[in-house]
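Colleague: Which chain is which? The protein sequence lines are A and B, in order. According to numbering that gives the first Met the number 0, the residues represented by the first sequence are 0 to 211, in order. According to numbering that gives the first Met the number 0, the residues represented by the second sequence are 0 to 84, in order.
Read the hints as simulated data drawn from the structure, not as lab findings. Take these hints with a grain of salt, some might be off.
[To be verified] Pairs of lysine-lysine, BS3-like flavour, derived with a Cα cap of 30 Å:
hint : chain 1 : residue 1 : chain 2 : residue 2
1    : B       : 4         : A       : 192
2    : A       : 97        : A       : 85
3    : A       : 179       : B       : 76
4    : A       : 192       : A       : 149
5    : B       : 30        : A       : 192
6    : A       : 40        : A       : 192
7    : B       : 40        : B       : 4
8    : A       : 149       : A       : 179
9    : A       : 149       : B       : 77
10   : A       : 149       : A       : 97
11   : A       : 40        : A       : 179
12   : B       : 76        : A       : 85
13   : A       : 192       : A       : 85
14   : A       : 40        : B       : 77
15   : A       : 40        : A       : 85
16   : A       : 192       : B       : 76
17   : B       : 40        : B       : 30
18   : A       : 40        : B       : 76
19   : A       : 179       : B       : 40
20   : B       : 30        : A       : 149
21   : B       : 77        : A       : 85
22   : B       : 4         : B       : 30
23   : B       : 77        : A       : 179
24   : A       : 97        : A       : 40
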Amino acid sequence: MVFGMRLLGRKQQATDEELIRRSREGDHDAFATIVERYQDKIYNLAYRMLSNREEAEDVTQETFLNAYRAMYSFRLEERFSPWIYKIASNLCLDRLRKGRHPVISLDEPVGPEGDMPQQIADWSTSPDRVFETTAVREETQEAIESLPPKYKVVVVLRHLQDLSYDEIADVLNIPQGTVKTRLFRAREILRRKLASLYEPNTAEREGANVEM
Amino acid sequence: MPTLKCEEVYGWLQAYLDTEVTAEEERMVEKHIRGCALCRKRLVELAQTVNRIRESERLTPRQEFTRQLMQRLEQEKKTSGGDLA
Chain A
0 MVFGMRLLGR KQQATDEELI RRSREGDHDA FATIVERYQD KIYNLAYRML SNREEAEDVT
60 QETFLNAYRA MYSFRLEERF SPWIYKIASN LCLDRLRKGR HPVISLDEPV GPEGDMPQQI
120 ADWSTSPDRV FETTAVREET QEAIESLPPK YKVVVVLRHL QDLSYDEIAD VLNIPQGTVK
180 TRLFRAREIL RRKLASLYEP NTAEREGANV EM
Chain B
0 MPTLKCEEVY GWLQAYLDTE VTAEEERMVE KHIRGCALCR KRLVELAQTV NRIRESERLT
60 PRQEFTRQLM QRLEQEKKTS GGDLA
């Protein structure tokens with residue numbers, strides 16, 4: 000395992016497209032490197048979309064299996080990352096459409112996987128501050144969760160995966176103008192929802208009704 | 000008073016956050032927010048919203064999950080094996 004990891008580490012230099020080319024030629028390690036590179040990203044995309052850890056795992060697995068099966072139809076002159084995000088986003092949106100995800104998330108951030116919020120272990124931070132940070136995080140998460148799927152996916156691709164408007168348009172197969180409209184509306188919804196966290200009583204003050 | 004209305008600037012204000020504006024649009028936004036406290040406040044709140052989203056919790060899949068995924072891919076390679084290549 001340790002050896003494998005070292006080998007993977009050294010292959011970090013190759014581009015994704017190069018790795019896919021090698022995978023096609025039967026180099027299984029090359030695809031393993033792709034998994035290394037993308038599994039956290041895909042998992043977090045799915046988790047953010049579905050708000051459920053098990054479903055996020057399912058989607059992550061499906062994404063890589065689909066990518067593996069479809070790699071021969073991937074055009075090597077294209078960029079790989081939008082391609083795999085497209086597979087993952089579509090799987091998430093399909094699930095949301097079919098309503099298979101539970102409404103209430105069973106996953107609290109504290110868990111045996113070692114993904115507890117780090118602040119809890121940080122004794123230099125006062126308990127009040129910890130509570131505050133955790134509360135803000137939870138509120139933010141709930142606000143994101145409450146977005147309609149087509150808005151949520153744009154926010155996730157933009158801010159958790161750092162894709163450009165152009166790349167998001169490519170992933171979702173929608174015009175760039177639509178990406179902007181959805182992203183701006185989503186952020187406006189979030190800004191208003193989270194307004195109470197910025198400073199008290201500012202949320203209601205402005206009457207500007209922004210329609211894009 | 001700013002020459003452009005806040006509603007007209009709003010889209011650029013959002014794109015400005017993503018640094019997806021041209022140099023000219025950037026100047027326009029900056030000129031507007033210098034003279035408009037409401038849009039300045041909006042921009043700050045939007046930037047804070049974006050930071051909140053970015054800072055939201057990231058999870059790592061279980062190690063066991065990664066192992067299973069690799070196994071599953073290994074199986075896939077065996078079953079699809081020669082006929083694809």
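Colleague: Evaluate each hint against the coordinates.
Modeller: Now the hints, each set against the structure:
Simply put, residue 4/B and residue 192/A have alpha-carbon atoms about 24 Å apart, close enough for the 30 Å limit, and the pair holds. Taking the CA atoms of residue 97/A and residue 85/A, the gap is near 18 Å; set against the 30 Å cutoff, the hint holds. With a C-alpha separation of about 40 Å, the suggested pair residue 179/A and residue 76/B falls outside the 30 Å cut-off, and the hint is violated. With a C-alpha separation of about 18 Å, the suggested pairing of residue 192/A with residue 149/A holds against the 30 Å cut-off.
At most 30 Å may separate the alpha-carbon atoms for a hinted pair to count; residue 30/B and residue 192/A meet this at roughly 28 Å. A threshold of 30 Å between alpha carbons decides the hint, and for residue 40/A with residue 192/A the separation of about 26 Å falls inside it, so the pair holds. With a C-alpha separation of about 15 Å, the suggested pair residue 40/B and residue 4/B falls inside the 30 Å cut-off, and the hint holds. Proximity of residue 149/A to residue 179/A is assessed by CA-CA distance (about 12 Å); at most 30 Å being required, the pair is judged to hold.
With a CA separation close to 37 Å, the supplied pair residue 149/A and residue 77/B exceeds the 30 Å bound. At roughly 14 Å between alpha-carbon atoms, residue 149/A and residue 97/A fall within 30 Å of each other, so this suggested pair holds. A distance of roughly 22 Å separates the Cα atoms of residue 40/A and residue 179/A; the hinted pair therefore holds under the 30 Å criterion. Under the criterion of a C-alpha separation no larger than 30 Å, the hint pairing residue 76/B with residue 85/A is consistent with the structure, at around 22 Å.
The suggested pairing of residue 192/A with residue 85/A holds, with an alpha-carbon distance near 29 Å, which does not exceed 30 Å. The straight-line distance between the Cα atoms of residue 40/A and residue 77/B is roughly 27 Å, inside the 30 Å bound, and the hint therefore holds. The straight-line distance between the Cα atoms of residue 40/A and residue 85/A is roughly 13 Å, inside the 30 Å bound, and the hint therefore holds. Annotation: proposed proximity of residue 192/A to residue 76/B is violated, straight-line Cα distance about 47 Å (limit 30 Å).
Annotation: proposed proximity of residue 40/B to residue 30/B holds, straight-line Cα distance about 15 Å (limit 30 Å). As the CA atoms of residue 40/A and residue 76/B are separated by approximately 23 Å, the hinted pair is consistent with the 30 Å bound. Between residue 179/A and residue 40/B the alpha-carbon distance is near 21 Å, which keeps this suggested pair within the 30 Å criterion. About 33 Å separates the Cα atoms of residue 30/B and residue 149/A, which puts this hinted pair outside 30 Å; it is violated.
Between the alpha carbons of residue 77/B and residue 85/A the distance comes to roughly 26 Å, so the proposed pair stays at or under 30 Å and holds. For the suggested pair residue 4/B and residue 30/B, the alpha carbons sit about 12 Å apart, so the restraint of at most 30 Å is met. For the given pair, residue 77/B sits about 44 Å from residue 179/A by alpha-carbon distance, which is inconsistent with the 30 Å threshold. Under the criterion of a C-alpha separation no larger than 30 Å, the hint pairing residue 97/A with residue 40/A is consistent with the structure, at around 23 Å.
Hint check: violations occur at hints 3, 9, 16, 20 and 23; the rest are consistent with the structure.
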